[in-house]
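Novice: Read off the chains here:
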Amino acid sequence: MELCDLSAEQIASLVHKREVSAREVLEATLNRVSLVDGRPGQLGIEETTPDDEKYVHAFISLTAERARVQADEVDRRLAGGEDPGPLAGVPFTVKDIFVVRGTPSTAGSRILANFVAPYTATPVERMEQAGGIMLGKVNLDEFTYGSSNESSAFIPTPRNPWNPAYVPGGSSGGSTAAVAAGEGALSLGTDTAGSIRQPAAFCGVVGMKPTYGRVSRYGLIAFGSSLDCPGPVARTVKDATLMLSVIAGRDPHDQTSVTVPVPDYASRLEAGVKGLRIGLSPDYFRITFVDPHTGELIERPIDPEVLAATRRAADVLASLGAEIIEDVPMPHTHYGIPAYFVISRVEAASNLHRYDGVKYGYRTPEYVTDLRDLYRKTRGQGFGLQPKLRILMGMYVSAAQYSEQYYVRALRVRSLIRRDFETIFDPSGAYRLDALLTPTTPTTAFTMQEVYGDSVLMQYADELTVPANHAGVPGISLPAGLDRKGLPIGIQFLGADYAEATLLQIGFAYEQATLGEDWRKRKPQVVERLAV
Amino acid sequence: MTEYEAVIGLETHIQLNTQSKIFCSCKADSWNDPPNTNICPVCTGLPGVLPVTNRVVVEKAALLAAAMHAEIQPVSFFDRKNYFYPDLPKGYQISQYDRPLARGGYLDVPLPDGTTRQVTIEKLHIEEDAGKTKNDNGRRLIDFNRCGVPLIEMVTGPDLRSADEAAQYLIRLRQLLRWLGVSEADMEKAHLRCDANVSIRMVGADYLNPKTEIKNVNSIVAVKEAVQTEIERQIREVEAGKRIEAWTLEWDEDAGVLRKMRSKETEADYRYFREPDLLPIHISEAWLAHILQELPELPLERRARFISQYGLPEYDADILTGERSLSDYFEAAVALYPSDPKRVSNWLLNDLMRMLNESGKLASELRLTPDYLVEIIRLVDAGTVNTTTGKSLLDKVEASGKRPGEIVNAEGLAQVSDTGAIRQAAQQIVSANPEQVQSYRKGKTTLIGWFVGQLMRETRGKADPQLARSILEELLSE
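If you read the protein sequences in the order shown, they are chains U and L.
Going by the numbering used here, the first residue of the first sequence is number 1, and it counts up by one from there.
Going by the numbering used here, the first residue of the second sequence is number 1001, and it counts up by one from there.
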């Protein structure tokens, strides 16, 4: 096994013991990037070439020299008897929605393509202070608006390492693709409706959306401020645990970050699932959506292979001593996407106001007649389709005459979704669940361009993940097998506020119990190809 | 001729005098600082930044709300007011909308005719300031220093009835803000900004006519002039059979004229919604109690008490309560000299006020403390120094910081009441000035003042002037 395929935990341990140097791990990882990533996403590319279709294209900016300086510093400190921290020498990537001082912070958009941040996001800073080595910034849907990673202005956009004809999911698709392909053991992603968990499921890695407020949003370029959660992407539950321990906690720069103490997540990891109550809900075994043409509600069962994997996971947990509770009602689940459509767009439209060509970022090079013309041309040229759609809808549903009918109503729906979770996790209620087990996504990855362009259909890829964002509760997606096409299947555990430790504990138990399964021995195509 | 009355409401923006800005730790006051020197990623709205509420802003706002008799809300929210402007770096202003910090409230404004006008408050909320835009030869320059400076927006009901009343309201508001210590309230420095809504109607009517809004009035005098000008214009228009249109006007102070800025189209839609980056403001009972510990007796209450408790004339009470530190000074002095508050008031009004005006200091900043002042008054009362010396002691104490008694001893300023010494000096003056003595004796008795002056000069002002006068009169009448 190559150094870049080791888990973060293994790397940190070897580096601490000085059995390998941080620099060696870094060079092995950079070598992997050079073999599997292909050319980085960039502006001005209209069409991808057939050659592009073989590679992952996770990166927008690979900051190799900066990483070498950091790795050498970790090695120097170790040589001097210092402890660089729990992530010593662990290479990681950062979704390019976080600002990192001195590096381009693009949000995958033309409008920020030339923006170099003067400060660093809190979670990135914490990872670097823990000895982590940042490799660079990875691609995403423009401003995180999407579930396939195809909307980035930086082309080629990421592809699924398991089969590059398929999307990696999104919007943290660059993060999950990079981790799956051995381009860094960890990645910092964000989840607004499922943007960590959905691509984690598509790419066969572990992705966690912590409780809202558990990880600081300072330095995260905002999409839906009341929904956005930074979180870990890793190959193992232990690594996700390690990363969460580093990034979680109160940040004086983020008033919405909570003062609730961060527990020792690792200490409970091996506690098993005996006696834990884990629920299954039929409301998560189908998707319901509005036909965009007729307006009718359409109900469809989820992909049978995904459902089977979820049921199999329940059996595994039951065999480990967990109590499986069937038929848990989550009646407001299917309102999640419509409510999200409204709330996230109101916040997004407002959050995008600042990109006006006045202070930083893109400004139209064309002649402008006045201020309005400057705004119009700058934003017209700087934003791609997805931000524009969100601005239009966000402006519409928050307008004085529509706000009550849409925005205020969506907020009420959000409270109802929250109540669904409160009911099932209530320790003195009828269900008293420790976690809800669901499929992460209704299907496995779809092919490039299969869904893109249909923004309504695309959103339903998030139907099973978005309720946790509305409610603010934590969720984790774990690999749970491969489908007939050889694409990863993800299962999700959802928990009560600040129940990350429980979710990690269950996830770890499941992961350990299935270590011997055949599908676990398979590697993503782009990695397997290297061995030949 | 029809009688009209004016209906005026004032919209004020009050800059709080906190050390740091409302959502970041940048210095709040940038007066005289070069452009864009008190800025950071947060107040310039860089991608990814988040605001963090400055507690002192909430405390000062709550203090003002309490002083305005407004109801402080246990929970209030921040909202985003969305609009595009180059000096608004986030493209939205963080403000409060439907759940503001306080509701209701009023300010009693005493009017020169002795009546009081109760001015109701329709809106009182916290918000952040925007930056400044300036045109420079076809370029537009932006200074972000002011971005994120804490403001209170306070809007009155349509309760004021003349330009004079509008000015009185602002004078009383400014007095209150300084009294509470929440704002420097300097209109020239834009710590206190005012827009005036003006309409007229027939006296006795209870409906409101279309109003105009006057912007850019930077002093109390300007508010008075602009409002008066607008009232007169509206009366002329109505008399000429025209309708008043809802214009926004700008006051050109130099030319003394109002210019039309724009017709008020439909109300702008700011698409307000809750600021998701900030928690609601929860003011617990304990916190409120802590804040209200700082709530002093208000100026108008104190004014009334000075009249009733100390028997001061209204004029004295009004001036003494014009500013908090002066009124505190007065009370401290009266406590040491309880027998005659009016005598203390006279010293303050006649002499101390002059010193304050000349030095630009507050009464609390004087080295001439209330007990030194009372010591001086007592020295005069006891005849140890005469009044003139007493008054000169004020400046000497202020300059040196020494006790009055010490200065009197060190400089030998004690009054000469020794008849022999005065008589000797008087005799010298009489013999040295035969011409004046002749004139006096021929009947020009007003020369006595000149003789007394000579004697005082001779004794360096220490002679008891009464005694000097009677001895001189005696010698001259011989």
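It is worth saying that the hints were derived from the structure and are not from the lab.
Even for Gly, the Cβ is constructed at its ideal location relative to N, Cα and C.
Among the hints, erroneous ones may be present.
Derived DSSO-like pairs: lysine-lysine, alpha-carbon spacing no greater than 27 Å straight-line [unchecked claim]: (1) U/359 <-> L/1260; (2) U/359 <-> L/1342; (3) L/1134 <-> L/1260; (4) U/377 <-> L/1342; (5) L/1361 <-> L/1342; (6) U/359 <-> L/1027; (7) U/377 <-> L/1134; (8) U/359 <-> L/1361.
Some, not all, of what chain L presents toward chain U, calculated at C-beta under 8 Å [as the list claims (entries may be wrong)]: (9) 1093; (10) 1222; (11) 1255; (12) 1256; (13) 1461; (14) 1465; (15) 1466.
Short derived list, chain U residues pointing at chain L, Cβ under 10 Å [unchecked claim]: (16) 78; (17) 79; (18) 81; (19) 85; (20) 222; (21) 400; (22) 401; (23) 405.
Novice: Each of the hints needs a verdict: does it hold here or not?
Specialist: Structure-based check of each hint:
no.: 1; hint: U/359 <-> L/1260; in the structure: violated, 31 Å
no.: 2; hint: U/359 <-> L/1342; in the structure: violated, 62 Å
no.: 3; hint: L/1134 <-> L/1260; in the structure: holds, 20 Å
no.: 4; hint: U/377 <-> L/1342; in the structure: violated, 72 Å
no.: 5; hint: L/1361 <-> L/1342; in the structure: holds, 23 Å
no.: 6; hint: U/359 <-> L/1027; in the structure: holds, 21 Å
no.: 7; hint: U/377 <-> L/1134; in the structure: holds, 23 Å
no.: 8; hint: U/359 <-> L/1361; in the structure: violated, 42 Å
no.: 9; hint: 1093; in the structure: violated, 11 Å
no.: 10; hint: 1222; in the structure: violated, 29 Å
no.: 11; hint: 1255; in the structure: violated, 27 Å
no.: 12; hint: 1256; in the structure: violated, 31 Å
no.: 13; hint: 1461; in the structure: violated, 65 Å
no.: 14; hint: 1465; in the structure: violated, 69 Å
no.: 15; hint: 1466; in the structure: violated, 72 Å
no.: 16; hint: 78; in the structure: violated, 32 Å
no.: 17; hint: 79; in the structure: violated, 35 Å
no.: 18; hint: 81; in the structure: violated, 36 Å
no.: 19; hint: 85; in the structure: violated, 24 Å
no.: 20; hint: 222; in the structure: holds, 7 Å
no.: 21; hint: 400; in the structure: holds, 5 Å
no.: 22; hint: 401; in the structure: holds, 8 Å
no.: 23; hint: 405; in the structure: violated, 14 Å
In summary, the numbered hints that this structure violates are 1, 2, 4, 8, 9, 10, 11, 12, 13, 14, 15, 16, 17, 18, 19, 23.
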